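Visitor: Protein chains in written order, with my numbering: chain E, 1 to 341; chain W, 1 to 305.
By construction, these hints were calculated from the structure, which means they are not laboratory data. One or more hints might be untrue.
Quick list of simulated restraints, FRET-style, between CB atoms [claimed, not checked]:
(1) E:T45 x W:L287: 58 to 64 Å
(2) E:L263 x W:L293: 19 to 25 Å
(3) W:R70 x E:K66: 24 to 30 Å
(4) E:E107 x W:V34: 55 to 61 Å
(5) W:A35 x E:P179: 41 to 47 Å
(6) E:K189 x W:M33: 40 to 46 Å
(7) E:E264 x W:L67: 51 to 57 Å
(8) W:A88 x E:G294: 57 to 63 Å
In the DSS-like style, the derived pairs of lysine-lysine whose C-alpha atoms are separated by at most 30 Å in a straight line are [claimed, not checked]:
(9) E:K293 x E:K267
(10) W:K254 x E:K330
(11) W:K254 x E:K178
Among the chain E residues that face chain W by a calculated CB cut under 10 Å, a handful are [claimed, not checked]:
(12) Y55
(13) L137
(14) V138
(15) E234
Only a predicted model underlies this, so the values are computations on that prediction, with no experimental measurement involved. C-beta: ideal position from N, C-alpha, C; glycine also.
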Amino acid sequence: MKKIILSAALLTCMAGHPAFAAGDLFIYTWGEYTPPEMVAKFEKTHDVKVHIDTYDSMETMLAKLKSGAGGYDIIVPGHDTMTILVREGLLEPINASQMENFRHVDETWRDVFWDPGRVYSAPWAWGSTGFVIDSALVDGADHSLKTLFEPDDATKGKINMLRDVNDVINMALRYLGKPRCNENPGDLKAVLDLLTTQKAFVKSYNSETKELLASGEAVVSMSWNGYAMRARDEKPTLEYIYPKEGYTGWMDNVAVPKGAPNLENAKLWVNFVMAPENAAMITNYARYSNGIKGAEAFVDKALAAAPELNPPADAPTPEFLPACSPAVTKLYDRVWTKLLR
Amino acid sequence: MSARQFSLSSRVSPRLADLGLLGPAIAVILVFMVAPMAIMFVYSFLQAAPYGGVEWVFTTEAYSSILFERDFLDNSLTFTPDYLIVLARSVFQAGIATVLCLVISVPTAYYIATRPERQKNIWLVLITIPYWVNLLIRTIALLFVLRGDGPINAVLMNLGIVSEPLPLSYNGFAVCLGLIYSFLPFMVLPLYSAFERFDFRLLEAAYDLYASRRIAFFRIVLPVMRPGLIAGSLLVFIPSIGSYLAPDILGGGKTLMIGNLIGTQFQSARNWPFGAALSMILLTLTLLVLLWLARRAGHQKSDCR
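Chain E extracted, bound-state conformation (with noise of 0.2 Å):
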């Protein structure tokens, strides 16, 4: 730990030296994503120094990037952000699916929308945004949002929502049965009645659910499915729900941003990170898939069998939503501020 504080603080003062050292990786992820063990067996293994800077959203990782503050070999971005990435030209094609270790990649995530034939990043996890009762009070055998939309009076007012537009509004568009990242005004009014309706039976607007459930305020809460897990660690009633109407998927992705001043060893750690013991260990420590084949066979027996991290036959698909429009993002945030006014 102390090192990684170091490391970060020493990161900070070579920021504008990019040719610090050969053996040197800089690592920009979000906190307690890296398991240390993974680092030090790259470390060992490529006489390779890694330090590891960490972000808490999207939006700051972006903005760092393009004010060209970087530094950085490896990023993390989420599947909607790649598309953005790739677009403003801002990372390295490091040809991820001509390297060794892609035959390992699970076809599902070799050609993805956000990086079609695998150019410029490898899976590093993924996730799913659903909801999580507490199956002792609540009944959720329908597997329906209307659990969380017109709740049963049992379960009014003890409902958590999760702080964050983009899901809490694709979440409703999906339960109303619209196309999500909507533009169209009647359909985004629609979103706003029934939100609205439903915010007399919401106790908060949290993203922080494993705390909300494990403690009994909230018995039913929108959740990712990573936390939802950790929840139920201390709560064993506690069940990860699948909506039968759809849930948004995400996946996060090891890439290299333009401009990397230790390429090589960057490219060393995206092909590291696909070899199935080593992507296993991500799964353990951060509790999301990873999306390499062979790695079941390193993952802990628990996690390798959690509802959590897998979907019954009978869910639907997750949908990977793209990176919503700007005018999206608008109208979305007007609903937003019209429900918490």
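Fit chain W to the supplied structure of chain E, relying on the hints for placement.
Guide: Only chain W this time, still in chain E's reference frame:
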């Protein structure tokens, strides 16, 4: 004064010495206040770039969109009360918090100021102890106290006073309590120093001259207290109005205050100019209140003469 005579006057002209002494303070203000404000001011007149940031095109759209919006349905420009409601709520919440802080602080400050010297210090330390802990942690702790499964509701339910947990958290009440809890010492301390300086013999003199308690309070105590009252009120009102944590955590994010609205614009809404414009409006509002108070204080002084 002696410092200047001692070290500087022999070699440096007094004016230069003043400049040298002022330098660090001016530099800090320029770098950490004026420069960021200037950036915000400029940004508020630019166009939002699609994915955060700004495009260097002059426009006053950020300001006009505070009051007007393109209609959902027919795209006509119509008046929208949304942002005014948020602003009004912020002023209202901050106002209530200020008044309640005042009500709590006056007796507290009076009590402390009239204790013997040793006790005074103990009380003052007790008032400031919560400030050794980070505001975020204090706010979350308060949430845990107020929540359905928190100690207050547990006690009330065990005593059979209520059968269902009282809705103390995730609402306007919790936000208000959070603001008071966060900023109370900023009111107590200036009031304390005002009471501390107050010469109670003046009060005795007033009574000797047959002043009623009422008149003594309004003509003797209040004028002396006024600077403390104003300072305390400002120190509570200004941070309250822009408060981000209390509505976010204690209010459960269910209603926005202006601070949250500004935060969203720089994050998910990716509309930096609008966020900057809202900040400018908030700053202007605060300055107007300050100016108004300063002018009133000026009038008060001339009245006395």
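Visitor: Look at each hint and say if it fits the structure.
Guide: Status of the hints after comparison with the structure:
1. E:T45 x W:L287: 58 to 64 Å: holds (60 Å)
2. E:L263 x W:L293: 19 to 25 Å: Taking Cβ atoms as reference, E:L263 and W:L293 lie about 60 Å apart, which means the hint is violated.
3. W:R70 x E:K66: 24 to 30 Å: Cβ of W:R70 to Cβ of E:K66: about 28 Å, so the range 24 to 30 Å holds.
4. E:E107 x W:V34: 55 to 61 Å: For E:E107 and W:V34 the Cβ distance comes to about 57 Å; the hint holds.
5. W:A35 x E:P179: 41 to 47 Å: holds (45 Å)
6. E:K189 x W:M33: 40 to 46 Å: Since E:K189 and W:M33 have Cβ atoms about 43 Å apart, the given range 40 to 46 Å holds.
7. E:E264 x W:L67: 51 to 57 Å: The hinted range 51 to 57 Å holds for E:E264 and W:L67, with Cβ atoms some 55 Å apart.
8. W:A88 x E:G294: 57 to 63 Å: Holds, at about 59 Å.
9. E:K293 x E:K267: Holds, because 20 Å separates the two Cα atoms, which is no more than 30 Å.
10. W:K254 x E:K330: holds (20 Å)
11. W:K254 x E:K178: Satisfied, since the Cα-Cα distance of roughly 25 Å is no more than 30 Å.
12. Y55: Constraint on E:Y55 not satisfied, violated at 12 Å.
13. L137: violated (14 Å)
14. V138: violated (16 Å)
15. E234: violated (14 Å)
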